[in-house]
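Asker: Use these hints to put chain X with the ligand onto chain A, whose structure you have.
Next come the chains, spelled out residue by residue.
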Amino acid sequence: MDSKTLQELEAKAKKLMGFETDKKITWCGNCGNYAIHNALARALVLENFERKDFVMCFDVGCSGNGSDKFEAFTIHGLHGRVLSLAAGAALANSKVKVIAEAGDGATFSEGVSHLVHAVRNNYPVMFIHHNNENYGLTTGQASALTRCGVKMLGTPEGVMVEPINSLDFVLGLKPSFVARGFSGDVDHMTELFRAGLKHKGFAFIEVLQACPTYNRLTPDAWYAERVRNVEDLKSYDRTDLWAARKIVQDVDKEIYIGLLYENPEKKDFVSLLKSREGAVTTPVEEVKHYDVRGLI
Amino acid sequence: MNRLCIKITGESGSGLLSTGEILMKAMKSMGFYVVADREYPSLIKGGTACFILNASLKPIRSLAKRVDVMMAIDKQSLVVYFDDLKRGGLLIHGYERPLGVKDIHALAAERGVKILHRMAREIAEENGGNVLMVNVVLAGMFWKALGLDYCFIEAEVTEQFKDKPKLLAIDLKCLKAGYEKADVQMKVEVPKMAAGGVAGAKKTILIDGNHSITLGAIHAGCRVYFAYPMSPSSSILTHFSEYAVKTGALVKQVEDEISVVNMTLGAMYMGTRALCATSGGGFDLMTETVSLAGMIETPLVVVVAQRPGPATGLPTWTAQGDLDLAVHAGHGEFPRVVIAVSDPSDCFELIQHAFNIAEKYQAVVILLTEKVVAETNMNVPEFEMGKIKIERGLVGQAEMKNLENSDRYKVTANGLSKRWLPGTDGAYYFANGDEHWEDGSLLEDSPRTAVMYEKRMKKGELIEKNLPEPVVYGVKKNADISFVGWGSSKNVMMDVIASCAERGHAGRQAGVKVNYLHYSYVFPLKTKVAEKFFAENKNVHLIEGNYNGQLGNMLEAKLGRKMRSRMLKYDGRPFFMEEVEAFVKKNLRK
Ligand SMILES: Cc1ncc(C[n+]2csc(CCOP(=O)(O)OP(=O)(O)O)c2C)c(N)n1
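Residue numbers (numbering that gives the first Met the number 0), protein chains in the order written: chain A, 0 to 295; chain X, 0 to 589.
A few of these clues could be false.
From chain X, some residues computed to sit far from chain A (all C-beta separations above 12 Å) [claimed, not checked]:
no.	residue
1	K85
2	K163
3	A397
Calculated lysine-lysine pairs in the BS3-like style (CA-CA distance at most 27 Å, straight line) [claimed, not checked]:
no.	chain 1	residue 1	chain 2	residue 2
4	A	K11	A	K94
5	X	K359	A	K51
6	A	K22	X	K359
7	A	K245	A	K233
8	X	K245	A	K94
9	X	K417	A	K94
FYI, nobody ran anything at the bench for these hints, they're computed from the structure.
Think of the CB as a built atom: it goes at the ideal place given N, C-alpha and C, for glycine as much as any other residue.
Looking at chain A on its own, in the form it has when it is part of the complex (with noise of 0.2 Å):
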């Protein structure tokens, strides 16, 4: 973090403070969720949002525990559906900024049919994706992005079918945001919510996730080690597809972070409503009686 963007932290610090909660929090010491959580109430205070101005949607999960350890609006739903009901919250009040979490399972499992969607659509919502290769929650079993060959609780000789390459998956799927971060670097991920607290459509951000309990291969040194920021790629376009989708093939030797693909052309799907043209409430801000006699 630069000096200036700490300075602005410092100034800010009460407001900052003003997110944490002092409650017991129950997530496993190291956990890459308190880092996540961090960088989140970084983000928010440094772009300037008042409590007001958002709403945290959180699945069912490690993660999900979170939603009462982060002092704003905050609801917590059903496993998997976090990203339907964040998009319904997001189409109903734009002008209150949507931001969904949700593990892997949660992702590309249980809801992977609303991530096809919620990206195709390109809802307005900033989903952060706590990748951390493992069901946490129902205590380690393996997900749909554990490695093979990997123990865990259900798979005892080890995950037989190859993982799905999150990124690949989701650049597949023609986004307008995609980012990586890790969960040992707090002023990474800042940097990319800050980046997807400020995108218009469905900003994918997927934070490689220490889990120190059920996730023993790739804890943060493991990806400190492999991480490369994207941004040291000298020729990299970030508005070339097929270039993102180059890079993100590799996620055991050389694990490219950072805003990995963009696209400022792909409208958002309130932008693309006929029905919405010009409005300047929000369906929220609507509900009243209609006459309906010159519809018939």
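Answerer: Chain X with the ligand only, in chain A's frame:
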């Protein structure tokens, strides 16, 4: 004659629906009260289907099974439906090969059925049309045979094809030719109206249930509609989307019902009025979210348009089989309201009440409709604007700054706590699907879990206390026979109450006194009026469109009384008038 019953039969996709609608609208504009529904298989083209139209000088609401006039567009449907034509009725068709209909004609002669047969295809071709205009030729024949004023059907055909001038010219020629070729007096008895039609009927609108739900929702300030198509709910999506540019509503077809209901809940949580509709199978998928809404005490309104199950069942037919589902949907215990509609007026009004109840009590409201309500067109009084106030149950602006986080799920005497919206200056709170304490913070300890559980459940008692009681139609007491029911049963019961009251019905000089206890608010089940109804009427029966008698079971259990018997139906068809009249006759107390 009180009621003229007409059936138009044909292949699905053969112009049956448009012909039916033309006749229906033309008769309505003449000043008739009409009721019209269609029966069709779940496929796009090919199966036999029919359009049933009843017309009367007095308000009517249901359909008779047997008809006075049958107009067959093809031979297959003629054979399938011929038995529904009454003795002495009129058959209109244009089938070309005499041999092919020899048997039917013989049967017709036996039953005194009059036949109006013209070479409809030839007539169509002579007038520049083709086989697709056979239905229009037949419509002309029909109109002539019934002795109706030509200008009404001409106007309706013109309206129907007004966007296709070339086609319209041919259609009008075919219509006229059919009308002129039907140059014989067929002597069909048609309810005789004074010139200018029936004044009451003229002032009504002709509309179906789904259209009315849509309008009611829009009127109530519903700004967001999500759906996944499923018969018989799909036309709500059609209407909502077609009106969207005018209303400014946000309408979206979503990937599946799970997403539909989560998006709806998300939108309601933010504070707009959002709606979704589906049928039983889609609602099955939604039930986990129904439970979530119960837990986070966020209003949710879901329309469930019933068709026969289980599984895919009969997609295009009708049923009242999902009351138990609505009452029990979702894991765990939480209060909810189940409302059932019967007719377009109901649809328009009860959807508005559904929103009010959902918001006032921060609860789930399931609005049950049925295929026969969803798609049946009938005349109803013009919808009244602003009659039902919008009640949101939200904290007022002045109170906003004094709110505490813990007000949101505060444990109160009646279980109701304050609700305000995210994205405002009010205190923040956690809408937590996990068990929680007053500000929404997760909790797992025993005493508070029970306290919060009770708080939620207490709301159920509050709701029950404030819901309207069921309504008695027909004589208030001492009926010769009484019924209890919900949903579309009201329509047939209203017609049966009227027909049985006529002098001489069932051989009784003074007619038969029938009454009917109707539940619009089906759950939580109110019993005060029912108690009285059972006390004052000694021959009470159940009328219900399912096998188990789902309302009957609930009511008997709660009242501790038994009905005399149960009239149940689960063949995909609604109750027809004759069936209920026959039941009345059989079950009259001697
Ligand atoms: C419908 C449903 N199925 C299963 C569960 C149980 N469950 C809770 S969390 C979870 C998986 C968590 O994994 P992930 O989404 O990756 O999140 P993490 O806990 O790793 O952060 C499961 C299966 C549930 N709550 N709801």
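Asker: Which of the stated hints cannot be reconciled with the structure, identified by number in ascending sequence?
Answerer: 6
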